[in-house]
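Number of protein chains: 4
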Amino acid sequence: MYFASDNWAGAHPDIARNLVTRSAGFAPAYGASDLDKAVEARFSEVFERDVAVFFVGTGTAANSLALTAYDRAGGVSFCHREAHVIADECGAPEYFMGGSRLHAVDGPLGRMETDKLKAAIERFPPAFVHGGRPAAVTITQATEVGTVYSLAQIEALSTLAKEHGIPLHMDGARFANALVSLGVSAAEMTWKRGVDVLSFGGTKNGCWCAEAVVFFNPDEAKDFPFVRKRAAQLFSKSRFIAAQFEAYFADDLWLKTARHSNAMATRLAGHFTTSPNARLGWAPEANEVFPILGKGLVDELKDKGAVFYAWPTPAGLDVGPDETLCRFVTSFATTEADVDGIGELIA
Amino acid sequence: MYFASDNWAGAHPDIARNLVTRSAGFAPAYGASDLDKAVEARFSEVFERDVAVFFVGTGTAANSLALTAYDRAGGVSFCHREAHVIADECGAPEYFMGGSRLHAVDGPLGRMETDKLKAAIERFPPAFVHGGRPAAVTITQATEVGTVYSLAQIEALSTLAKEHGIPLHMDGARFANALVSLGVSAAEMTWKRGVDVLSFGGTKNGCWCAEAVVFFNPDEAKDFPFVRKRAAQLFSKSRFIAAQFEAYFADDLWLKTARHSNAMATRLAGHFTTSPNARLGWAPEANEVFPILGKGLVDELKDKGAVFYAWPTPAGLDVGPDETLCRFVTSFATTEADVDGIGELIA
Amino acid sequence: MYFASDNWAGAHPDIARNLVTRSAGFAPAYGASDLDKAVEARFSEVFERDVAVFFVGTGTAANSLALTAYDRAGGVSFCHREAHVIADECGAPEYFMGGSRLHAVDGPLGRMETDKLKAAIERFPPAFVHGGRPAAVTITQATEVGTVYSLAQIEALSTLAKEHGIPLHMDGARFANALVSLGVSAAEMTWKRGVDVLSFGGTKNGCWCAEAVVFFNPDEAKDFPFVRKRAAQLFSKSRFIAAQFEAYFADDLWLKTARHSNAMATRLAGHFTTSPNARLGWAPEANEVFPILGKGLVDELKDKGAVFYAWPTPAGLDVGPDETLCRFVTSFATTEADVDGIGELIA
Amino acid sequence: MYFASDNWAGAHPDIARNLVTRSAGFAPAYGASDLDKAVEARFSEVFERDVAVFFVGTGTAANSLALTAYDRAGGVSFCHREAHVIADECGAPEYFMGGSRLHAVDGPLGRMETDKLKAAIERFPPAFVHGGRPAAVTITQATEVGTVYSLAQIEALSTLAKEHGIPLHMDGARFANALVSLGVSAAEMTWKRGVDVLSFGGTKNGCWCAEAVVFFNPDEAKDFPFVRKRAAQLFSKSRFIAAQFEAYFADDLWLKTARHSNAMATRLAGHFTTSPNARLGWAPEANEVFPILGKGLVDELKDKGAVFYAWPTPAGLDVGPDETLCRFVTSFATTEADVDGIGELIA
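Protein chains in written order, with my numbering: chain W, 1 to 347; chain Y, 1 to 347; chain V, 1 to 347; chain L, 1 to 347.
Derived from the structure by calculation, the hints contain no laboratory data.
The reader is advised that the hints may include incorrect statements.
A pair holds if it fits inside one copy or across any two, identical chains being indistinguishable in the list.
[Said to hold, decoys possible] With a straight-line Cα cutoff of 27 Å, these simulated DSS-like cross-link-like pairs (lysine-lysine) come out:
(1) K302 x K222
(2) K304 x K162
(3) K192 x K37
(4) K302 x K256
(5) K295 x K116
(6) K295 x K37
(7) K222 x K162
(8) K304 x K37
(9) K304 x K116
Predicted model only: the values in this text are computed from it and were never measured.
Hey, can you work out the whole structure from these sequences and the hints?
Written out as structure tokens, the structure reads:
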């Protein structure tokens, strides 16, 4: 019963097998192979638009380099206070940007509020050199706490960003989970709502190591080959990433794994809702479930083999002194038996 | 007949298959799995010493972060003029070090000469703040031009480095090829000769994407978890690198693939030596062969499907106006038939 | 009636004149002159301890390089939310540190609270690589809002920092104003309370351009000559900074100018207190006064030639919709007539 | 008899006195004062064109930030092997650029040769991501060895740079000395020959600390306020730099001091030429003289109070085993008596 993170799962069998298939033969290195190019073209189909796509090795690299691509001297990029970029990447975005900063913006349930973002940006008026100047807005979709921005919310943030002349970046480490949650197309959730650049994550949803930076305006990517290479993220055998994405997109595997993962989260949430010994901190919208459990129950679950983490209590949530907010993450590899096993333990 | 580079080969079947084997089940992320730990322990066996080992995704990352680990303000690191770090990494080492510099040192056949290194280091006397100060020496083993430093040469360089209080780094992108060429142990070619830190490459010798930074004095690695994470090189599903190395070391696969690769280079060199239409620029010592070919023959070979690159003529080599120095690289996937195919074409 | 900032004043006549005196003759460059060395020695007398002192050109440079000296990979330094380093230096500290971060800590009246700092540091447990790790604590003395840390408060913060193995930096852009406010010695306000490194500012208190980084443990400064030179802060005619400090310290000029400046602030605060049209936001403890004025009065004062800035309302302060919080800064050049001029206008 | 460097001189009396004159009164900080603006306008007159000018504190800062302004990911800037930026700034340009590189180009007497520059640039073809890409060319005028580029040479280099889409930067630490040597206007030596950005130095020619970055196309300077502030080079009492430049330009003081300095060099060179005990390494064209002296004479001169440095022997210069190449630098403060004193000692 492993619910620690979706990155505790290995790779989906179809993806692992495709690496065997693609392991034979010779092909140009550094992203120049036919397979690399075919998979890049596949991204343009998925997004219904010519996109510039660059494979990288980690989500942290995708986020850091996407922000670097739009950075400028004295730059300040805006993100939610709990965003992965500011809380969990050891300062990598700032390091790759050479010192430009991230500015935390608040909002309930992991989502930046438009008015709070507006106030934050306006703290950096363009002509006031001492403060620095806005460089980008970055949102996480799905968020760190398993919620999802609606299309209208994304559009409101991108409109605000554009009013200040800065791009909107989306950290899509759990892009597929958000997409199937909203039931919209990849285009609708991104460039049609004003997203300029996307970290497209495959790793958490069934790949070994497959992430991509996607530019919706390819002109803005002209420096990116150097940005990526300089950052040690151009893989010589790049086709091993391409092969993962090839299998990921084949027969909509990526949507199927995301739907499964989200369904397991919903099922698990149901158990917490119906149990007299637990309640939900908030409703899951993707593949993460945050129940509030008695401390005794937490210990008991762990003793019986459930793996999950406690989670910091966000402002405004009522968690008693004998309770713990916990995070359960589901993945393509989560089974109904695992989920129902938790259900039985808490019944 | 693909001789463009050893990174044009895919993955060795044993390694690709092991990724299928290891794709199932849940395991702690970010390098904390049992498999990660077992493979790390395997490195200590291979090197006959407790080492601190950190998996990363690319050779450029391994080199850049190893140098970053030992860098200091105003740092100058010394490498051969043709070294990968200075010629082929788009400035990544300097970028990760935040601006510290690489200083080119000369020497024939890709190897720094001790006296030239000495003169280079002495250009930066410790108390002269304007010049900067020595930070590290980095050598490539095997070199960029398919030669190998002898144990005595490595020791001479490390002795010199130590006299100036700086560490010796080895870029081992083709470590295995050098090792089997010298016929010594991994310990003998590294820490027993004074190497402090190693970029251990698996990618060119049969892995998809498996590189490691190996510290021979683990105390010097205490900051490295942060150096790596900050650089976006800590992989969530780190076990996919571990799994590659697991198969790489099993039954000495890595030595077998390197021996095969080197043998193919020797066989290919034989063809160039015996052909009336070609001659060797210098003798191969690992898995790269540098023949001097007439321009007409170059075109003919390419027309007939041979893939290889021209190479810049180093100082002191006599290449006629109608000739081209070329590079042929062999790998675990090179077959005798491929090699002999070249032989027939140039006969 | 100029109260915009203490850096709107020029240089104290004694200091300007000393630059004429010291303009003649030849002397070794880059800080090696007898005058440089004599003034460095003077710092050790002022601080009653052997200190390592390095002249730099701006307060931003002093702060940025002091933090750089103690930084490490993944570093997070802690400062008050309104501190100059995080609010007014365009990201310079993060830029010079190559991406390490500043983390805002709250507390009333510009002073970090010990328990809030403790909670902030504990968000970065040493072994959790994803968050980064504590690198330094930096306090501003006097603070950005004209208050002063007591000796006990400084000691509490330094004790906490030491418990976490990190140094305490003091931004002393208004060091002299704080010192005479507390009526203690320079030693008592710094290393005797656990301060490890100080940005010692002369510019705001009567110099043209004279700042220094002071290490109380000279061993920790051994890399700093390179840190400073690499940052373009080693001045060839360094004696022009030394000459300013020479006059600054002569006959305790620096303490006299600071006492005058603080006295003018106290006198000005008296006017605001006694006026029926104004009230103080909080009591001044150095050379900055923050009155709350009606918007009409603000306009009237400006019309009549008073120069000062509005200031963002801190949390917890009650400022009405028709009122504005303002900042008035006094300096060595402020006259009683200027101060009383304000008094008359608001009477 | 001080000939160690032109930065061993203090400040010209007119400049030192103007700091007294300008020390009184209040004025907006951070470059917004009337004096700052007037002096900025004076630069446009001097250069006969609207220029964007930014004061900074050191020549290293001017060079580093000018290059940073035009840098891009993977950037490689080209300079002479002996240039100050690569040899004497402790890596500051690379540090401020965040790791972009300087590439050394050869040429006799401190001047890059056009064909060597062409070959160097062509080593970085635009589409070859592994090498990086050209970002700028930087020349030193006058050079490090007291020679001067002719207008035709500058134009040839700028033409070549423009063919590759990169700007030409001029390090003018000794700009005035070169200008009066050529006897041309500031416009003719810069933008009329294709120079895009200039480090304009006042310090070596009589100021205390006055350097400026001058953009000949002000549109290219739009980010520079942030580049400068982020680099800790925006001085709060900026008018102290403005005041130096005010006196520097008044009555063409800067040209007079440069003419004096150059004349002293010529006079000194005459002594070396006529002495039987010395000869010139090459003819001085600005304010630096490089004689070849017998080692005994070097010692004797030093014993008798002459201060000067030995200098590394450049390739191609014949210096005997008992001889030393030396550098003598003259300045506004050098007297005929000092020069003739050397003459007598070597007669």
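Checked hints:
1. Neither within a single protomer nor between protomers do K302 and K222 lie at most 27 Å apart by alpha-carbon distance, with minima of 50 Å and 31 Å respectively.
2. Within a single copy, K304 and K162 get their C-alpha atoms no closer than 51 Å, and across copies no closer than 40 Å, so neither meets the 27 Å cut-off.
3. Taking identical chains as interchangeable, the C-alpha atoms of K192 and K37 lie at most 27 Å apart only when both belong to the same chain, with a minimum of 24 Å there against 45 Å between chains.
4. Taking the shortest Cα distances, K302 and K256 never come within 27 Å of each other, neither inside one copy (30 Å) nor across copies (45 Å).
5. Only between protomers do K295 and K116 lie at most 27 Å apart by alpha-carbon distance; the minimum there is 26 Å, versus 35 Å within a single protomer.
6. In this assembly of identical chains, the alpha carbons of K295 and K37 never lie at most 27 Å apart, being 52 Å within a copy and 31 Å across copies at closest.
7. For the identical chains of this complex, K222 and K162 are neighbours both inside a copy (21 Å) and across copies (20 Å), given an alpha-carbon limit of 27 Å.
8. In this assembly of identical chains, K304 and K37 lie within 27 Å of each other by CA distance solely across copies; the values are 25 Å between and 48 Å within a copy.
9. In this homomeric assembly, K304 and K116 never come within 27 Å of each other (Cα to Cα): the closest approach is 43 Å inside a single copy and 37 Å across copies.
Checked against the numbered hints above, the structure breaks hints 1, 2, 4, 6, 9 and satisfies the rest.
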